[in-house]
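Engineer: Here is how the chains run, residue by residue.
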Amino acid sequence: MFKFDKLVFGDAGWGDEFLIATLMTLLVSILSMGLGLFLAIITVWAKIIQNRITRFISNFYTTVIRGVPELLVIYLIFFGGNTVVMSIAKVFGYNKYIELNALTIATIAIAVISATYSSEVLRASYLAISKGQIEAARALGMNKFSIFFKVISPQVIRHALPGIGNVWQITLKDTSLISVTGLVEIMRQSRISSNVEHSPLTFLITAAILYLCLTTISGRVFKTLEVNYSKGFTT
Amino acid sequence: MIEFLNSIQNSLIYKNFFLVISGLDNTILLLLISLPVGFVLALLFALGRVSKIALLSRTIASYIFVIRGTPLLVQIYLIYFGLGSVKFIRESFLWYALKEPFWCGVIALTINTVAYGAEIFRGGIQSIEKSQVESGLSLGFGKFLLLRKIILPIAIRKVLPSYGNELILMVKATSLVSLTTYMEMTGIARKIMAKTFAPVEAFIAAGILYLFLNFLMVQFVKYLEWKYNPHLRLNN
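Top line first, the protein sequences correspond to chains A and B. Under my numbering, the first residue of the first sequence carries the number 56, and numbering increases by one thereafter. Under my numbering, the first residue of the second sequence carries the number 17, and numbering increases by one thereafter.
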């Protein structure tokens, strides 16, 4: 029933494969979280500038992606992504077959999902900054660029950190869905190993423990960051 | 105009739409069992979590910790592939349920939503003001009456928005059950894609249906919020 002795490192076991798979999960999570935050900033920006069209597009994007299962989004990008990229390339006169690699597709798919959650967090924390601060900065003669980096960003980060921590946990867990695309991360690795060793329970429990470690450790990291960023604020 | 209607009727999305709709009942069936059972169990677990019995409270806390710390996909696979590989489960009565992907899906979804729901309800129960409980006690309420008349109504209506969120997450989570060969909407969309080699059309058709399902869910939660928060209605 259990074959935990198969988890040793080296050729006899799956230990090193699982280590690489864990690193892959982390890599996909970090890349897609970063890309997701970038997309989220654009989405929030499109919502807060007084422009009806950008606001509509941005609202449409967040509503649709949050109302559709993650798996469907991943399927759509995994199976439909190549077609889209190739038709864009055709416009520029490139007619050969293009295949995106699994990591790129995985990162884009998870980022598209994660961005919708991040954007809600960022928007809420932007709205939490009082208008007076931005007006004061303008009165001091700061330009838009320095208002964003010196006044808005530091406060948004502080307000958003707990929420961003939650989004990170969701993103980390969503990467397990990427296994359907064939990218070898923890979930895929546990399926491969259990098929070879005929012991699904062992390797699925291993996967569960690995995910649990990742979420717990990153939870601790975010707690530390929160303490760090709320220095001088007694809450 | 007629040509335009014909072109819609002949389009792949339109045709896929009716194929995918045949999986709607399977999706709803998953929800119809796991959501009510999950709701009741989540309430019980939340009460256990806030109870003064340390062992009970701690056991539930670690259950919630494990379930919330692992992806739902792992839980589904653990139940479908993992438990199915154990010999004494295959020989016991449990096998009647566990050999069906449907029941595996229901069990996994329920286990998942109970953990999230219990945490949400715990927040609601703990946010109740002490004075309300005390006034109940001073009226001579017993523990059960206190629970039924004061604690649960206030807690549930307080957490309705966040529990509504969890309900929508559950609608989306049903799509993962398709990975255990259960043919609900995502599974059918995948089958269509394999047949027609037109992924975008198949998944957009399924996506529209999920959006519709979630829209209904949002309206349902909004109605509940309106019904159980009469003091917050703007125009009475």
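Simulated from the structure, these hints should not be mistaken for laboratory data. Every residue gets a Cβ at the ideal spot worked out from N, C-alpha and C, and that includes glycine. Accuracy of the hints is not assured; some may be wrong.
[Said to hold, decoys possible] Under the rule of at most 30 Å between Cα atoms (straight-line distance), these lysine-lysine pairs were calculated in the DSSO-like manner:
id: 1; chain 1: A; residue 1: Lys58; chain 2: B; residue 2: Lys165
id: 2; chain 1: A; residue 1: Lys278; chain 2: B; residue 2: Lys238
id: 3; chain 1: A; residue 1: Lys205; chain 2: A; residue 2: Lys151
id: 4; chain 1: A; residue 1: Lys145; chain 2: A; residue 2: Lys199
id: 5; chain 1: B; residue 1: Lys188; chain 2: B; residue 2: Lys165
id: 6; chain 1: B; residue 1: Lys31; chain 2: A; residue 2: Lys145
id: 7; chain 1: B; residue 1: Lys238; chain 2: B; residue 2: Lys188
id: 8; chain 1: B; residue 1: Lys238; chain 2: B; residue 2: Lys68
id: 9; chain 1: A; residue 1: Lys145; chain 2: B; residue 2: Lys211
id: 10; chain 1: A; residue 1: Lys102; chain 2: B; residue 2: Lys238
id: 11; chain 1: B; residue 1: Lys207; chain 2: A; residue 2: Lys151
id: 12; chain 1: A; residue 1: Lys278; chain 2: A; residue 2: Lys205
id: 13; chain 1: B; residue 1: Lys243; chain 2: B; residue 2: Lys115
id: 14; chain 1: B; residue 1: Lys146; chain 2: B; residue 2: Lys115
id: 15; chain 1: B; residue 1: Lys31; chain 2: B; residue 2: Lys146
id: 16; chain 1: B; residue 1: Lys174; chain 2: A; residue 2: Lys102
id: 17; chain 1: B; residue 1: Lys207; chain 2: B; residue 2: Lys146
id: 18; chain 1: B; residue 1: Lys146; chain 2: A; residue 2: Lys61
id: 19; chain 1: B; residue 1: Lys238; chain 2: B; residue 2: Lys174
id: 20; chain 1: B; residue 1: Lys174; chain 2: B; residue 2: Lys188
id: 21; chain 1: B; residue 1: Lys115; chain 2: A; residue 2: Lys58
id: 22; chain 1: B; residue 1: Lys31; chain 2: A; residue 2: Lys278
id: 23; chain 1: A; residue 1: Lys102; chain 2: B; residue 2: Lys188
id: 24; chain 1: A; residue 1: Lys61; chain 2: B; residue 2: Lys238
id: 25; chain 1: A; residue 1: Lys145; chain 2: B; residue 2: Lys115
id: 26; chain 1: B; residue 1: Lys174; chain 2: B; residue 2: Lys103
id: 27; chain 1: A; residue 1: Lys102; chain 2: A; residue 2: Lys199
id: 28; chain 1: A; residue 1: Lys278; chain 2: B; residue 2: Lys103
id: 29; chain 1: A; residue 1: Lys151; chain 2: B; residue 2: Lys188
id: 30; chain 1: A; residue 1: Lys186; chain 2: A; residue 2: Lys205
[To be verified] DEER-style ranges, computed between Cβ atoms:
id: 31; chain 1: B; residue 1: Phe231; chain 2: A; residue 2: Ile272; range: 50 to 58 Å
id: 32; chain 1: A; residue 1: Gly70; chain 2: B; residue 2: Phe109; range: 52 to 60 Å
id: 33; chain 1: A; residue 1: Phe147; chain 2: B; residue 2: Leu248; range: 52 to 60 Å
[What the hints assert, rightly or not] Over 10 Å on every C-beta distance to chain B, these chain A residues come out as not near it, computed from the model:
id: 34; residue: Glu72
id: 35; residue: Phe73
id: 36; residue: Ile96
id: 37; residue: Tyr130
id: 38; residue: Phe134
id: 39; residue: Ala144
id: 40; residue: Ile207
Engineer: None of the hints should be skipped; say for each whether it holds.
Structural biologist: Hint check results:
no.	hint	result
1	A:Lys58 - B:Lys165	52 Å, violated
2	A:Lys278 - B:Lys238	33 Å, violated
3	A:Lys205 - A:Lys151	47 Å, violated
4	A:Lys145 - A:Lys199	38 Å, violated
5	B:Lys188 - B:Lys165	33 Å, violated
6	B:Lys31 - A:Lys145	28 Å, holds
7	B:Lys238 - B:Lys188	19 Å, holds
8	B:Lys238 - B:Lys68	34 Å, violated
9	A:Lys145 - B:Lys211	26 Å, holds
10	A:Lys102 - B:Lys238	24 Å, holds
11	B:Lys207 - A:Lys151	28 Å, holds
12	A:Lys278 - A:Lys205	24 Å, holds
13	B:Lys243 - B:Lys115	41 Å, violated
14	B:Lys146 - B:Lys115	48 Å, violated
15	B:Lys31 - B:Lys146	58 Å, violated
16	B:Lys174 - A:Lys102	29 Å, holds
17	B:Lys207 - B:Lys146	55 Å, violated
18	B:Lys146 - A:Lys61	54 Å, violated
19	B:Lys238 - B:Lys174	13 Å, holds
20	B:Lys174 - B:Lys188	24 Å, holds
21	B:Lys115 - A:Lys58	23 Å, holds
22	B:Lys31 - A:Lys278	50 Å, violated
23	A:Lys102 - B:Lys188	25 Å, holds
24	A:Lys61 - B:Lys238	51 Å, violated
25	A:Lys145 - B:Lys115	49 Å, violated
26	B:Lys174 - B:Lys103	46 Å, violated
27	A:Lys102 - A:Lys199	17 Å, holds
28	A:Lys278 - B:Lys103	43 Å, violated
29	A:Lys151 - B:Lys188	37 Å, violated
30	A:Lys186 - A:Lys205	15 Å, holds
31	B:Phe231 - A:Ile272: 50 to 58 Å	38 Å, violated
32	A:Gly70 - B:Phe109: 52 to 60 Å	37 Å, violated
33	A:Phe147 - B:Leu248: 52 to 60 Å	55 Å, holds
34	Glu72	17 Å, holds
35	Phe73	14 Å, holds
36	Ile96	23 Å, holds
37	Tyr130	5 Å, violated
38	Phe134	3 Å, violated
39	Ala144	17 Å, holds
40	Ile207	27 Å, holds
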